[in-house]
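Engineer: Protein chains in written order, with the working numbering: chain A, 1 to 337; chain B, 1 to 337.
Check before you lean on any hint, since a few could be wrong.
Unchecked claim - Some chain B residues close to chain A (C-beta under 7 Å, calculated; not the full set): (1) Pro70; (2) Leu74; (3) Val145; (4) Val149; (5) Leu153; (6) Ile179; (7) Lys245; (8) Leu255; (9) Leu263; (10) Val315.
Claimed, not checked - Each computed PhoX-like pair below joins lysine-lysine, with the alpha-carbon atoms no more than 25 Å apart: (11) B:Lys19 with A:Lys272; (12) A:Lys272 with B:Lys90; (13) B:Lys19 with A:Lys248; (14) B:Lys245 with A:Lys212; (15) A:Lys212 with B:Lys248; (16) B:Lys253 with A:Lys135; (17) A:Lys245 with B:Lys19; (18) B:Lys52 with A:Lys258; (19) A:Lys135 with B:Lys212; (20) B:Lys253 with A:Lys272; (21) A:Lys253 with B:Lys272; (22) B:Lys191 with A:Lys258; (23) A:Lys135 with B:Lys135; (24) A:Lys2 with A:Lys19; (25) A:Lys272 with B:Lys248; (26) B:Lys135 with A:Lys212; (27) A:Lys253 with B:Lys258.
Honestly, the hints are just simulated from the structure, not real lab data.
Cβ atoms here follow ideal geometry from the backbone N, Cα and C, with glycine treated the same way.
2 protein chains.
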Amino acid sequence: MKIAVDAMGGDYAPVEIVKGAVEAARDFDIPVILVGDRSTIETELAKYHSPKPNIEIRHASEVVQMDDHPATALRRKPDSSIVVAANLVKSGEAQAMVSAGNTGAAMAVATLKLGRIKGIDRPAIGSLLPTINGKAVILDAGANVDCSVENLLQFALMGNAYAERIFKLEHPRVGLLSIGEEETKGDELTKATNAELRSQDILNFVGNVEGKEIFRGAVDVVICDGFAGNLVLKISEGVAEFMSKTIKAEVNKSLISKIGALLMRPAFNQFKTKLDYAEYGGAPLLGLDGICMISHGRSDARAMRNAIRAAADAVQNDVVGCIKESVRRNTLAAAHS
Amino acid sequence: MKIAVDAMGGDYAPVEIVKGAVEAARDFDIPVILVGDRSTIETELAKYHSPKPNIEIRHASEVVQMDDHPATALRRKPDSSIVVAANLVKSGEAQAMVSAGNTGAAMAVATLKLGRIKGIDRPAIGSLLPTINGKAVILDAGANVDCSVENLLQFALMGNAYAERIFKLEHPRVGLLSIGEEETKGDELTKATNAELRSQDILNFVGNVEGKEIFRGAVDVVICDGFAGNLVLKISEGVAEFMSKTIKAEVNKSLISKIGALLMRPAFNQFKTKLDYAEYGGAPLLGLDGICMISHGRSDARAMRNAIRAAADAVQNDVVGCIKESVRRNTLAAAHS
Numbered sequence: 001m002k003i004a005v006d007a008m009g010g011d012y013a014p015v016e017i018v019k020g021a022v023e024a025a026r027d028f029d030i031p032v033i034l035v036g037d038r039s040t041i042e043t044e045l046a047k048y049h050s051p052k053p054n055i056e057i058r059h060a061s062e063v064v065q066m067d068d069h070p071a072t073a074l075r076r077k078p079d080s081s082i083v084v085a086a087n088l089v090k091s092g093e094a095q096a097m098v099s100a101g102n103t104g105a106a107m108a109v110a111t112l113k114l115g116r117i118k119g120i121d122r123p124a125i126g127s128l129l130p131t132i133n134g135k136a137v138i139l140d141a142g143a144n145v146d147c148s149v150e151n152l153l154q155f156a157l158m159g160n161a162y163a164e165r166i167f168k169l170e171h172p173r174v175g176l177l178s179i180g181e182e183e184t185k186g187d188e189l190t191k192a193t194n195a196e197l198r199s200q201d202i203l204n205f206v207g208n209v210e211g212k213e214i215f216r217g218a219v220d221v222v223i224c225d226g227f228a229g230n231l232v233l234k235i236s237e238g239v240a241e242f243m244s245k246t247i248k249a250e251v252n253k254s255l256i257s258k259i260g261a262l263l264m265r266p267a268f269n270q271f272k273t274k275l276d277y278a279e280y281g282g283a284p285l286l287g288l289d290g291i292c293m294i295s296h297g298r299s300d301a302r303a304m305r306n307a308i309r310a311a312a313d314a315v316q317n318d319v320v321g322c323i324k325e326s327v328r329r330n331t332l333a334a335a336h337s
Numbered sequence: 001m002k003i004a005v006d007a008m009g010g011d012y013a014p015v016e017i018v019k020g021a022v023e024a025a026r027d028f029d030i031p032v033i034l035v036g037d038r039s040t041i042e043t044e045l046a047k048y049h050s051p052k053p054n055i056e057i058r059h060a061s062e063v064v065q066m067d068d069h070p071a072t073a074l075r076r077k078p079d080s081s082i083v084v085a086a087n088l089v090k091s092g093e094a095q096a097m098v099s100a101g102n103t104g105a106a107m108a109v110a111t112l113k114l115g116r117i118k119g120i121d122r123p124a125i126g127s128l129l130p131t132i133n134g135k136a137v138i139l140d141a142g143a144n145v146d147c148s149v150e151n152l153l154q155f156a157l158m159g160n161a162y163a164e165r166i167f168k169l170e171h172p173r174v175g176l177l178s179i180g181e182e183e184t185k186g187d188e189l190t191k192a193t194n195a196e197l198r199s200q201d202i203l204n205f206v207g208n209v210e211g212k213e214i215f216r217g218a219v220d221v222v223i224c225d226g227f228a229g230n231l232v233l234k235i236s237e238g239v240a241e242f243m244s245k246t247i248k249a250e251v252n253k254s255l256i257s258k259i260g261a262l263l264m265r266p267a268f269n270q271f272k273t274k275l276d277y278a279e280y281g282g283a284p285l286l287g288l289d290g291i292c293m294i295s296h297g298r299s300d301a302r303a304m305r306n307a308i309r310a311a312a313d314a315v316q317n318d319v320v321g322c323i324k325e326s327v328r329r330n331t332l333a334a335a336h337s
């Protein structure tokens, strides 16, 4: 198994990307192919004195910029690091790709090169949310803003497969994001999707799930359209930032509070780790015939290291095969009903 | 001015509702009409020994239960406390109503009895969100799950009027909730609404606003459909609860952290106050020809006291008149363009 890493994508590329790849290769023994400008990558690699038997370089002469239109990557930059990384997965030289570059371009390139799984109309981003007792995967986290009931059902199959293989759960609890637990609550899309999900017996559908219940750990998989999913992620980030800043401001008003905060620092740090996106590293684009991890543009070495590990994890646990099998079972069940 | 308070609605009615009304009448000198079973209210009032010259009772023989269908309140319980309170506003005996009871019923009754403002198709709930430097009003917070562009434009007019009068701002910054700042980001409804809002020159429209920016205080008014708005509120509550519980769990792992937490308690309390829904007390149902404050079912005396103050504030600042004026200006502008 090899993981193709877009060394040129992301706000801190190539420095942090190469560092993260070196760490992943060393700490988890994951073979990595760094894709991008060869001499730049060689310069970065030279900073690390440890032997690097499981790191290769694949030259790519172009770079997709953050503000490039997604279609540009494919049409005008066929030798860009994102495209070359995707080609490595397509040809079977690598089993997964990871990019912290232009998200739209990475999604477009991966979808075109790896292709969609038969029965999946639209790939979806599966992001992890922390919960009181673990985590949940939410999809779609932003790839598809306007969705149909059919799209959401496919997201449910994909999220279920992901939770089965990555969370190691036999019957993941699948919930539909809504604004009330009753099946009559929600917008038209949610109500229609709830009815469809109730009528199937392949998934362990537990009904609608509200914001509070997600963080309480009520479900393993949260289904929603990409507008709602992205909203959830960004509101969560916003509230977390607001709370940290407000607590800090209050603490700074008194010396006693400051001493208290100092004593609490280890607890705060543990807590920050739980929330930190870098801990998860990246979100898989599910529904493709191959693994593509989309990392945050602000990814540092730690985020990249973890994204590479998550990509390897998805390959080793055959998430793609599991999604294919879920789609097949669902098609069979539909044919029998 | 008098505020009609539904003394029978809410999880802690009538005890906490009556207590909150007594406090509002005493602390802010707001005249209150308590609506509900007379003897029950009299028993509650007897607990307070202070003179209560500005508290009246209006008997209502029925109570709308939390699980009653909204239509039930109107058709089968015409002498319920919610209906009687709305009638008081309709007749002009009271200038605003406040209820912590069945939200759907309160909205249905208020809409039917008070009537919609001409030019407003659907009333919307305006909820307050805390921000780093103050607060913002978000609407719709849950009254209308599926909305049209026209609905959202009307929400913008109403939110603007509310922010003008309650936040005392000359040109409130109006933002459209989306998942990216660029006007091309968002679902179909958001993109179409963005275009419409950009084409008008009555409101200070600052464009799309993302979750993080809301809490950073980037806008005074957040426009969205009721599904997204309610999602924002519930995700915020969920994240806040998750963060508090996680910090507590981490703190309890070490004695030093526990001491730190003890020293930080005043700062934490200040912080909790900022987030607490009870500080705001209730959310106005905007777009009606009269003031109706919808309070949380879990409202305690403090929440009710603050909701009554917020209702009086809306009356004294003529929020309804300001919305009417906004709609009139908008209609004129549309006719001229």
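Engineer: For the pair we were handed, Lys135 (chain B) and Lys212 (chain A), check the Cα-Cα distance against 25 Å.
Structural biologist: Judged against 25 Å, a Cα distance of about 22 Å means the pair holds.
Engineer: Does the structure keep Lys253 (chain A) and Lys272 (chain B) at a Cα separation of 25 Å or less?
Structural biologist: Holds: Lys253 (chain A) and Lys272 (chain B) sit about 16 Å apart, inside 25 Å.
Engineer: Does the interface hint hold: is Val145 (chain B) within less than 7 Å of chain A, judged Cβ to Cβ?
Structural biologist: The hint holds - Val145 (chain B) has a Cβ within 7 Å of chain A, the shortest such distance being about 4 Å.
Engineer: Take a quick look at whether Lys272 (chain A) and Lys90 (chain B) sit within 25 Å of each other, Cα to Cα.
Structural biologist: Distance ~52 Å between Lys272 (chain A) and Lys90 (chain B) Cα, so the pair is violated.
Engineer: Given the hinted pair Lys272 (chain A) and Lys248 (chain B), is their alpha-carbon gap at most 25 Å?
Structural biologist: holds (13 Å)
Engineer: Checking hints one by one. Is Leu255 (chain B) an interface residue toward chain A, by the C-beta closer than 7 Å rule?
Structural biologist: Violated, because the Cβ-Cβ distance from Leu255 (chain B) to chain A comes to roughly 10 Å (cut-off 7 Å).
Engineer: Restraint: Leu153 (chain B) near chain A, CB-CB cut 7 Å. Satisfied or not?
Structural biologist: violated (19 Å)
Engineer: Have a go at the Val315 (chain B) hint: is there a Cβ in chain A nearer than 7 Å to its own Cβ?
Structural biologist: The hint is violated - Val315 (chain B) has no Cβ within 7 Å of chain A, the shortest such distance being about 29 Å.
Engineer: Between Lys253 (chain B) and Lys272 (chain A), does the CA-CA distance stay at or below 25 Å?
Structural biologist: Holds: Lys253 (chain B) and Lys272 (chain A) sit about 16 Å apart, inside 25 Å.
Engineer: Holds or violated: are the alpha carbons of Lys19 (chain B) and Lys272 (chain A) at most 25 Å from each other?
Structural biologist: violated (41 Å)
Engineer: Please check whether Leu74 (chain B) passes as an interface residue: C-beta within 7 Å of a C-beta belonging to chain A.
Structural biologist: violated (19 Å)
Engineer: Does Lys19 (chain B) lie within 25 Å of Lys245 (chain A) when you go C-alpha to C-alpha?
Structural biologist: This hinted pair is violated, its Cα atoms lying about 35 Å apart.
In summary, the numbered hints that this structure violates are 1, 2, 4, 5, 8, 10, 11, 12, 13, 17, 18, 22, 23.
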